[in-house]
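*Asks:* Fit chain D to the given chain L structure using the hints.
Those sequence lines, one after another, are chains L and D.
Per the numbering used here, the first sequence starts with residue 163, numbered consecutively.
Per the numbering used here, the second sequence starts with residue 163, numbered consecutively.
Watch out, some of these pointers could steer you wrong.
Note: identical chains are not told apart, hence a pair may lie in one copy or across any two.
To be verified - Dumping the calculated SDA-like pairs for lysine to any residue here, alpha-carbon to alpha-carbon at most 25 Å: (1) K180 - L363; (2) K321 - T365; (3) K321 - F366; (4) K250 - H186; (5) K180 - Q376; (6) K180 - R377; (7) K180 - A378; (8) K321 - G367; (9) K321 - S364; (10) K321 - M163; (11) K321 - N272; (12) K250 - M172.
Bear in mind the hints are in silico, worked out from the structure with no lab data behind them.
2 protein chains.
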Amino acid sequence: MRIAVLGTGMVGRAIGTKLIELGHEVRMGSRSADHPGGLEWAAESGANASLGTFADAADFGEVVVNATGGAASLAALRAAGAPALAGKILIDIANPLDFSGESVTLSVVNTDSLGEQIQREFPEARVVKTLNTLNASVMVDPSRVPGDHTLFVCGNDDKAKRTVTDLLVSFGWPSSGIIDLGDISGARSTEMLLPIWLRLLSTFGHSDFNFHIQRAR
Amino acid sequence: MRIAVLGTGMVGRAIGTKLIELGHEVRMGSRSADHPGGLEWAAESGANASLGTFADAADFGEVVVNATGGAASLAALRAAGAPALAGKILIDIANPLDFSGESVTLSVVNTDSLGEQIQREFPEARVVKTLNTLNASVMVDPSRVPGDHTLFVCGNDDKAKRTVTDLLVSFGWPSSGIIDLGDISGARSTEMLLPIWLRLLSTFGHSDFNFHIQRAR
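Just chain L, same shape as in the assembly (with noise of 0.2 Å):
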């Protein structure tokens, strides 16, 4: 498949990776074609990596993954552009952290989240919000974490989140870990994780662990 990875950083450049092993054809979008950063991920990467703009990555992809930090993601997709993303699944990882104040906060939080304001201004993508509560180094490789553990997806397309579940099967997680939380208002509520994860990261001194939901039945 032909995936675009909007961002450059941590998360972008580890599932574009994971992608490319998966034997994907990749072009990861920056704010520039010539992205330092960008380059050396696309040259190490081999022929089935490229790096472009915003615009450029998402006209490529058929699938395009929002791996932009959450303060950056409305204008990448807008760089991106609507026509490009219509009918196509857009992942969106991001989160909407603020690090701006004393403590890390969410700029939208309570009773809207980025997966929604993504989906409002983009009516016509079908945003599926998932990968947004772990570490991109788990993401991709969940055994980094031992026991069961637990993957969450949202959006409004069910045909988009079992596409999404199937890739998300092809990194490694079991398919029973992943639970479906309904439509994309779900992503209030797993943007709302962050600030527990980001308590534990402190409290472990690393990120390698996850959520899971122990459940009865």
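*Replies:* Quick look at chain D alone, frame taken from chain L:
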């Protein structure tokens, strides 16, 4: 131990009954000393159980449990009175849920929490936030959910947290499943678990589940 349980709802009754079973003396506190549900609970629970006003109960207890609804908690604690809470461990189980809108939201969130509001208003109480991230029946019987699962505690007073942890262990929680999130500002992160807890309740159709933190080390 003499323990005050403020609140006559499901959480208060579950905690009160468990404490009675464990041999404690429990005075349940309510707005009025003749609350029908509270009187019924006291009548069914034997000689160590009684009902009083919030102030009666707080005066009685060496430890005070806030099991009122989040919207009523500050008023209940004001009725109990700062002098009756001074120096005591105040176990805060409440969540600031707002049921007035289309979906349930948090009335305080992101940059503050109910746990912090309570600690600020009653600076001489030793507030420990815990048990607010799961159903009442699981709080007092963790074996309802199979496997390992997690309780979070936070608060400014380490000795108070140790005493509360001992009490939780007496409820049946393994100490290895209790994670200390540090000071009372951790209450933000646990109260913000409520949106996904409510979403999972609706997804599963039952409340016999709990969060577990899987970790590599």
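*Asks:* Would you mind marking each hint as holding or not holding in the structure?
*Replies:* Results for each hint:
no.: 1; hint: K180 - L363; result: within (24 Å within a copy, 33 Å between copies)
no.: 2; hint: K321 - T365; result: between (38 Å within a copy, 18 Å between copies)
no.: 3; hint: K321 - F366; result: between (38 Å within a copy, 21 Å between copies)
no.: 4; hint: K250 - H186; result: within (16 Å within a copy, 60 Å between copies)
no.: 5; hint: K180 - Q376; result: between (28 Å within a copy, 23 Å between copies)
no.: 6; hint: K180 - R377; result: between (30 Å within a copy, 22 Å between copies)
no.: 7; hint: K180 - A378; result: between (34 Å within a copy, 21 Å between copies)
no.: 8; hint: K321 - G367; result: between (38 Å within a copy, 23 Å between copies)
no.: 9; hint: K321 - S364; result: between (37 Å within a copy, 21 Å between copies)
no.: 10; hint: K321 - M163; result: within (16 Å within a copy, 56 Å between copies)
no.: 11; hint: K321 - N272; result: neither (27 Å within a copy, 33 Å between copies)
no.: 12; hint: K250 - M172; result: within (24 Å within a copy, 46 Å between copies)
Of the numbered hints given earlier, the model fails hint 11 alone.
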